[in-house]
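**Q** Sequence:
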Amino acid sequence: MAQTVAQPTAGTSVAPAKLPLKEIAPWAVFFGVLMLVLLYFVGAEQGATSVFSGTDVHEWVHDARHLLGFPCH
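Residue numbers (my numbering): 370 to 442.
Since the hints were made in silico from the structure, they are not lab data. All of these numbers come straight from a predicted model, not from anything done at the bench. Just so you know, not all the hints are guaranteed correct.
To be verified - Between beta-carbon pairs, the in silico distance windows are:
{"no.": "1", "residue 1": "Phe-400", "residue 2": "Gly-423", "range": "37 to 47 Å"}
{"no.": "2", "residue 1": "Ala-413", "residue 2": "Thr-373", "range": "30 to 40 Å"}
{"no.": "3", "residue 1": "Phe-439", "residue 2": "Ala-394", "range": "29 to 39 Å"}
{"no.": "4", "residue 1": "Ala-386", "residue 2": "Ser-419", "range": "37 to 47 Å"}
{"no.": "5", "residue 1": "Ala-384", "residue 2": "Val-406", "range": "34 to 44 Å"}
{"no.": "6", "residue 1": "Trp-429", "residue 2": "Gln-376", "range": "54 to 64 Å"}
{"no.": "7", "residue 1": "Ser-419", "residue 2": "Val-398", "range": "24 to 34 Å"}
{"no.": "8", "residue 1": "Val-402", "residue 2": "Gln-376", "range": "26 to 36 Å"}
{"no.": "9", "residue 1": "Ala-397", "residue 2": "Val-426", "range": "20 to 30 Å"}
By construction, the Cβ of each residue, glycine as well, lies at the ideal position given by its N, Cα and C atoms.
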C-alpha cells in the first residue's frame, strides 16, 4: 500500500483567501442579534420581563432552558 504526497515546487506559493470585512460585517451583526434574541427567549422569557403573556414561550423552550443550565422552576 504505497502512498504518495504532493510536494510543493519552488514556483508555487499558497496565500490565504482574503475575507472582505465589509461583506461579512452585516451577516455577523444579523446573526449576533439573532443569537441574543434566542438567548433572551430561552433564558429570560418569563415573569416580570416577559414579552408575551402566558406560559407558551416557556413551554416551547423548556428543555433548551434545562440543557443550557437556566433554572426555571
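**Q** All the hints need checking, so say for each whether the structure fits it.
**A** Right, here's what the structure says about each hint:
no.	hint	verdict
1	Phe-400 to Gly-423: 37 to 47 Å	29 Å, violated
2	Ala-413 to Thr-373: 30 to 40 Å	57 Å, violated
3	Phe-439 to Ala-394: 29 to 39 Å	30 Å, holds
4	Ala-386 to Ser-419: 37 to 47 Å	45 Å, holds
5	Ala-384 to Val-406: 34 to 44 Å	38 Å, holds
6	Trp-429 to Gln-376: 54 to 64 Å	56 Å, holds
7	Ser-419 to Val-398: 24 to 34 Å	26 Å, holds
8	Val-402 to Gln-376: 26 to 36 Å	47 Å, violated
9	Ala-397 to Val-426: 20 to 30 Å	27 Å, holds
Checked against the numbered hints above, the structure breaks hints 1, 2 and 8 and satisfies the rest.
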